[in-house]
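J.: The chain contents come next:
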Amino acid sequence: MEATEAMTVIGADGGSNGYDPGLSKEELLYCYRTMLLVRAFDDTCMKLQRSGRIGFSIPNLGVEGMQVGAATALRKDDWIFPCYRNFGMALYHGVKPVEMMHNMYGNAQDSARGRQMPVHFSFVDPIHWVSISSPIGTHIPQAVGAARAFQVRGEDRVALTTFGDGGTSSLGFHSGLNFAGVWKAPVVFLCQNNGYAISCSSEKQTASESYAIKGKAYGVPGVKVDGNDLLAVRRAVCEAVDKARAGDGPTLIEAETFRMGGHSTSDDPTRYVPKELVEKWAAKDPVDRFERYLGKRGIWKQGDRERIYGECMQEVADAAKVAQSTDAPGLETIFSDVYAELPEHLRRQGRAAFDLAARRGDAAAGGGAFPL
Amino acid sequence: MANLTLVQAVNDGLATVMRDDPSVIVFGEDVGPKGGVFLATENLTKEFGEQRCFDTPLSEDGIIGTAIGMAMNGLRPVAEIQFQDFIFPAFDQIVSEAAKLRYRSGGQYTAPMVIRTPYGGGIRGGLYHSQSGEAYFCHTPGLKVVIPSTPHDAKGLLIAAIQDPDPVLFMEPKALYRSVKGEVPEGLYTVDLSTLRTVQAGDDVTVFCYGAMVPVAMKAAAKAAEQGIGVHVVDLRTLLPLDEEGVLEAAKRTGRVVVVHEAPRFCGYGSEISALIAENVIEYMEAPVKRVTGFDTPFPNTLEHHYMPDERRVLDAIEQVHSF
Chain Z
1 MEATEAMTVI
11 GADGGSNGYD
21 PGLSKEELLY
31 CYRTMLLVRA
41 FDDTCMKLQR
51 SGRIGFSIPN
61 LGVEGMQVGA
71 ATALRKDDWI
81 FPCYRNFGMA
91 LYHGVKPVEM
101 MHNMYGNAQD
111 SARGRQMPVH
121 FSFVDPIHWV
131 SISSPIGTHI
141 PQAVGAARAF
151 QVRGEDRVAL
161 TTFGDGGTSS
171 LGFHSGLNFA
181 GVWKAPVVFL
191 CQNNGYAISC
201 SSEKQTASES
211 YAIKGKAYGV
221 PGVKVDGNDL
231 LAVRRAVCEA
241 VDKARAGDGP
251 TLIEAETFRM
261 GGHSTSDDPT
271 RYVPKELVEK
281 WAAKDPVDRF
291 ERYLGKRGIW
301 KQGDRERIYG
311 ECMQEVADAA
321 KVAQSTDAPG
331 LETIFSDVYA
341 ELPEHLRRQG
351 RAAFDLAARR
361 GDAAAGGGAF
371 PL
Chain D
1 MANLTLVQAV
11 NDGLATVMRD
21 DPSVIVFGED
31 VGPKGGVFLA
41 TENLTKEFGE
51 QRCFDTPLSE
61 DGIIGTAIGM
71 AMNGLRPVAE
81 IQFQDFIFPA
91 FDQIVSEAAK
101 LRYRSGGQYT
111 APMVIRTPYG
121 GGIRGGLYHS
131 QSGEAYFCHT
141 PGLKVVIPST
151 PHDAKGLLIA
161 AIQDPDPVLF
171 MEPKALYRSV
181 KGEVPEGLYT
191 VDLSTLRTVQ
201 AGDDVTVFCY
211 GAMVPVAMKA
221 AAKAAEQGIG
231 VHVVDLRTLL
241 PLDEEGVLEA
251 AKRTGRVVVV
261 HEAPRFCGYG
271 SEISALIAEN
281 VIEYMEAPVK
291 RVTGFDTPFP
301 NTLEHHYMPD
311 ERRVLDAIEQ
321 VHSF
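Those protein sequence lines, which keep their order, are chains Z and D. Per our numbering, the very first residue in the first sequence carries number 1; after that it's consecutive. Per our numbering, the very first residue in the second sequence carries number 1; after that it's consecutive.
If you're looking for bench data, these hints aren't it; they were derived computationally from the structure. Glycine included, each C-beta is placed from N, C-alpha and C at the ideal position. Don't take each hint at face value.
Distance condition first, Cα-Cα at most 27 Å in a straight line; then the derived DSS-like pairs of lysine-lysine [said to hold, decoys possible]:
hint	chain 1	residue 1	chain 2	residue 2
1	D	LYS46	Z	LYS184
2	D	LYS46	D	LYS34
3	Z	LYS184	D	LYS181
Footprint (simulated), chain D over chain Z, 3 or more residues, beta carbon under 8 Å [claimed, not checked]:
hint	segment
4	112 to 120
5	129 to 137
6	147 to 157
All chains, full assembly: derive it from the sequences and hints.
T.: Here is the structure:
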């Protein structure tokens, strides 16, 4: 399948084109709830950031549909190599909001022990969500390598990697797609084309007629899908995953969507995004659209959104409370996990840091605001 | 025991560890049927098949990026970068990814992998087939940097590096690939990382060196011996993490130190050795530390023999610190 027009399943009015998603009523409602959980997490983090409780967050408003739609196509033994604007996929697979909140606070319970910025999650359970890196595109060839390992062992597992439109300009995009094409690796490349890479719009990113078509020259089929249509994304990713599991190689999927908020809590998108564009995309909101679909299927009724969103807000608030009352990581975590075993020079540096703190008190935390 | 060149010892090390551990795979540019441009991977595809020793596209970023993914997912990749001069497209993968993965995931994800790469001058390779980039990588917490100088160490250190749980940059002195030969035990053995090797003991001047500079230092030491100067020659062999205690002991032994490397001087590895000594054992020192290094210029082609430290320059430095 190769299309220049984005594939759609759910129409603007909520009607479907007849595609059977193969999901039960409970599963469909779980998708809906997960999107609202992403919103609740974002809304809470925005407040926590504005009140100075956490330093930074990455909003997902507008892109929740593609996250959840893609997540439905994966099994728990598949691996996700994510970019930072994608944590709806982790929530869908059962990562608890409190585990994410530990990272937002950078506390002692954070899997990264507070070493990373917020939103740079790492999980191995209930699904492999590979530790996020800030450099753009470096994880793309890594996903191909992990897929190659599945292939070598003869396993029918896949690696799925997500990146933004800006990520397609990176070195890793090129090398990742090139290697995957040559190796026929069981990997799915999912491009979240959300219109902007921080403040740079698509026409500043590429002269290509689409991102999907970039796969062609690597021998990787490219598919364009309506990223605000949860079921269309599910369909495209399921097809790509099935193909990868069957040993038929990689697929590049471009999910056309729009980042309704800023790049992060530190960014003001009104400085560079035209108002009309935001209005145009607001009418395509993925949650509204899926809600209309559920309504037509008789699964959704008035009041459900408020009730479910309220439950999600409570769950996230509870998570934030736990994370906030968890201690900061100990000074020793600066020195651990650099190597499997603590080398002598780090043991000495660690001792000196403890000794200085004992003699002269702890270092004072800075109050700097992150600029991006 | 077999009498092997350094590159044959590398080849033997790879074959030995591949027989022992089926998760070890070897790949890079031209490493497959051709056996690598220096033949370090000769016959591996023949013995182990295309699944375990194979050619990749010409992309250092892709080689190291995919190696990291394989390493975190249960394989033990040994990736070759054809010349260390070409490693820089993969610098981001090495420095930002492989070296930091354990730290940034609290140990949930790790990258146990080896990057083998020939480095250094002496083959008339000019700017881009001669460089010694170890200092860039020694500034990278989470990475290990190993440089052998003998066939015995090349095999033993390589196997130790492949079995190590952390990413190791294994830099092979290409000038020594065929110019040194030595006894190499058969089968699996390791030389511990982060240990020094005393090449010869002496009481007057200590010379720290590694890789292709070890035989150069030994020639200078032989000349110094003719004048009655006893030179203590130490092969550092693992630059990161360094056996700092061992370095300080060897420095204290004579109180007179020369550090030799091919790489440029400014912020080179010798700077670290010099600072380590100044900070910790200056009261034992009888003379300022002297560095013998490449110049702070790009690596020249025709005049490479002037650029690279040789017996003359090392002997000159030994005499200077001895008579200080």
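J.: Please flag the earlier hints that this structure goes against, numbers listed from lowest up.
T.: Hint 3 alone not satisfied by this model.
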